[in-house]
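Engineer: The lines below spell out each chain.
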Amino acid sequence: MSDKDMRDVYTETLMEMADADQRICVLEADLMRATGTGSFKDKFPERAFNVGVAEANMVGVASGLSAGGKIPWAATFGCFAARRSYDQFFISANYAQQNVKLVGTDPGVTAAFNGGTHMPFEDTGLMRCIPGLVIFEPCDSVSLKSLIRQATEHKGSTYMRLQRKGKYTLYGESDEIVLGKGNVLKEGEDLTIIASGYVMVPEALAAAEMLADEGINARVIDMHTVKPLDRKLVVESAEKTGAVLVCENHQKKGGLFSAVAECLGEEYPAPVAAVAVEDQFGQVGTLEYLKEAYGFTKENIAEKAKALIKRK
Amino acid sequence: MSENKYKDLEDLAKDIRKKTIDSIGFLGVGHIGGAMSIADLLTILYYRKMHVDPSNPKMEDRDKLVLSKGHAGPALYSTLAQKGFFPEQWLRTLNVGGTNLPSHCDMNRTPGIDMTTGSLGQGLSSAIGLALAMRLDKSERNVFAIIGDGESQEGQNWEAAMTASQFRLNKLIAFTDYNKMQIDGYTSEIMSIDDPEAKWKAFGWNTDRVNGHSFAELDAAIDRARESKDKPTMIIMDTIKGKGCSFAEGVITNHNMAFTYEQAKEAIEALG
Ligand SMILES: Cc1ncc(C[n+]2csc(CCOP(=O)(O)OP(=O)(O)O)c2C)c(N)n1
Ligand SMILES: [Mg+2]
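Protein chains in written order, with the numbering used here: chain A, 722 to 1033; chain B, 847 to 1118.
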């Protein structure tokens, strides 16, 4: 088990890379204390830029750093990363074919006490509309580290949904985690549960256990990369199990569920369902309250799975 | 020595601070720093300056307030509760699932909140819209807006700055809570907003500079602003982040603090 918060893994990984690669920079918009990149700033003060409460400016500056040959990792809350700086990220970073690594922290319900203004249920959806953008959401500390490294090597912009607080280790150091490829966590033949992120992957695994007790065998996939989607794995899973349930800490529109449903609609029509937020805004509350409120629980996943199997 | 004209406000502000510490302390974490720094301003606005009716929060032709630094909601909730907009017991529901008092101001949930805020940088534009609507409705009321010094770094404020002076919004009275701090440290070290008076003046506003914890200075500045004939006014308030909360006042990490209810009780007692 990792004893580190996800955000500490983020900073630590960037620092490891920055030692060897002078191009790596960190940008913040007055949330350095929240993201935890202060130690990066202590070690590489000349490569850490805090632009103040100015997210659009931050992404613009990051785009310029990229155009100047640097590899900027810029972070803010996911709501502001996606909504506040969308045009800057769209034009200056992506349309201009730059190499900006944007990070949206506190995805979905994990914004908790910050409430509806801060609760991004739409960031993945918005980001999926940017041509060529790579989008991923690591669920644990091992995949986080690995995917940050791969994203840094990738030539082009990326968007990462980062769980900030909390510790979770799912993978072993020798497990292969590849950007753009889903990981099958558990085999099964009755349905496939595709999940992403820190909130949903553990919940999906727990739901699969509940289902197993009832004799239902679910295949469980950690689909850390939403774009480009691992279409081969999605289609293969639908062929093998005949139904796909997608669990994401995001609204139903535009995110992982949409990506999977689009893929299956085109390549292998099969019953699909989602555990995701309906047409609703966020709200304030504890993480536990919000998971309950939006149905992000193993019980609800198991319910939805059983209903889905009936549609096969 | 002349009699203290502001004794009542001093007591009311103290109670607002106590209620704010209590509500955040009851939950265990919250934006104590930026709430405490505007407690005096909220007191004079709601008890001396604003034409509002607690029993009719949506009264036509009232003065309005946009708390653009919406994370300071808890201070405004304490003020509104104390004024009677809603029961004081609500203050203990801060951020509890299903509450009417979310961390950031929500006009659709809380009686007395005139505009939804929380995404910094948006409130001044909304205040301009409210002032334009009032002008269309031939109202003589004021729109008040409060922005943070860190918040001032959002570019939208400066788009709004031009807009308000272009449209000669003399009924718009804004305040910068110049507590010199934001989340990551001192504003001067993160992204300086100096010289705020010169900046707002350059954008065509009247400016004033006051001690944000002096009722006399706030009183005079608001009255001066109300006399403006053709310009919006920005009152830069020198304040202390965390003011009046013993364990938080001036502490650099006081933006969003976790603290125990025991600590809260001590801080409340210390206020006397
Ligand atoms: C657009 C946006 N970016 C970031 C945040 C997160 N945030 C909340 S408060 C804050 C600092 C604000 O500093 P300041 O305006 O000085 O507030 P105060 O000191 O009065 O509390 C930040 C960055 C936010 N709410 N909105
Ligand atoms: Mg401040």
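Hints were generated in silico from the structure; no laboratory data involved.
Built from N, CA and C at the ideal position, the CB exists for glycine as well.
Where hints are given, some of them may not hold.
[As the list claims (entries may be wrong)] Restraint ranges, calculated between C-beta atoms of paired labels, are given here:
hint	chain 1	residue 1	chain 2	residue 2	range
1	A	Pro-923	B	Arg-938	28 to 36 Å
2	B	Glu-934	A	Glu-1009	22 to 30 Å
3	B	Tyr-1032	A	Arg-1032	32 to 40 Å
4	A	Gly-785	B	Ala-1044	21 to 29 Å
5	B	Asp-1076	A	Ala-788	38 to 46 Å
6	A	Ala-788	B	Ser-1034	24 to 32 Å
7	A	Gly-893	B	Gly-943	32 to 40 Å
8	B	Gln-935	A	Asn-938	49 to 57 Å
9	A	Cys-850	B	Met-1008	25 to 33 Å
10	B	His-897	A	Gly-789	51 to 59 Å
11	A	Ala-788	B	Ala-1116	50 to 58 Å
12	A	Asn-938	B	Lys-1111	52 to 60 Å
13	B	Ser-1034	A	Gly-789	21 to 29 Å
14	B	Arg-938	A	Glu-1009	17 to 25 Å
[Stated by the list, open to error] Straight line, CA to CA, 35 Å or less: simulated DSBU-like cross-link-like pairs of lysine-lysine:
hint	chain 1	residue 1	chain 2	residue 2
15	A	Lys-907	A	Lys-762
16	B	Lys-1111	A	Lys-791
17	A	Lys-886	B	Lys-1111
18	A	Lys-888	A	Lys-961
19	A	Lys-907	A	Lys-886
20	B	Lys-1111	A	Lys-725
21	B	Lys-1026	A	Lys-888
[Said to hold, decoys possible] A partial selection of chain B residues facing chain A, derived with a Cβ cut-off under 8 Å:
hint	residue
22	Val-875
23	Asn-946
24	Pro-948
25	Met-953
26	Glu-997
Engineer: Next, verify each hint and record whether it holds.
Structural biologist: Consistency of the hints with the structure:
no.: 1; hint: A:Pro-923 / B:Arg-938: 28 to 36 Å; result: 32 Å, holds
no.: 2; hint: B:Glu-934 / A:Glu-1009: 22 to 30 Å; result: 27 Å, holds
no.: 3; hint: B:Tyr-1032 / A:Arg-1032: 32 to 40 Å; result: 59 Å, violated
no.: 4; hint: A:Gly-785 / B:Ala-1044: 21 to 29 Å; result: 27 Å, holds
no.: 5; hint: B:Asp-1076 / A:Ala-788: 38 to 46 Å; result: 44 Å, holds
no.: 6; hint: A:Ala-788 / B:Ser-1034: 24 to 32 Å; result: 30 Å, holds
no.: 7; hint: A:Gly-893 / B:Gly-943: 32 to 40 Å; result: 37 Å, holds
no.: 8; hint: B:Gln-935 / A:Asn-938: 49 to 57 Å; result: 51 Å, holds
no.: 9; hint: A:Cys-850 / B:Met-1008: 25 to 33 Å; result: 31 Å, holds
no.: 10; hint: B:His-897 / A:Gly-789: 51 to 59 Å; result: 54 Å, holds
no.: 11; hint: A:Ala-788 / B:Ala-1116: 50 to 58 Å; result: 54 Å, holds
no.: 12; hint: A:Asn-938 / B:Lys-1111: 52 to 60 Å; result: 55 Å, holds
no.: 13; hint: B:Ser-1034 / A:Gly-789: 21 to 29 Å; result: 27 Å, holds
no.: 14; hint: B:Arg-938 / A:Glu-1009: 17 to 25 Å; result: 19 Å, holds
no.: 15; hint: A:Lys-907 / A:Lys-762; result: 40 Å, violated
no.: 16; hint: B:Lys-1111 / A:Lys-791; result: 51 Å, violated
no.: 17; hint: A:Lys-886 / B:Lys-1111; result: 28 Å, holds
no.: 18; hint: A:Lys-888 / A:Lys-961; result: 33 Å, holds
no.: 19; hint: A:Lys-907 / A:Lys-886; result: 26 Å, holds
no.: 20; hint: B:Lys-1111 / A:Lys-725; result: 33 Å, holds
no.: 21; hint: B:Lys-1026 / A:Lys-888; result: 34 Å, holds
no.: 22; hint: Val-875; result: 7 Å, holds
no.: 23; hint: Asn-946; result: 10 Å, violated
no.: 24; hint: Pro-948; result: 4 Å, holds
no.: 25; hint: Met-953; result: 12 Å, violated
no.: 26; hint: Glu-997; result: 6 Å, holds
Comparing the model with each earlier hint shows violations of hints 3, 15, 16, 23, 25; every other hint is respected.
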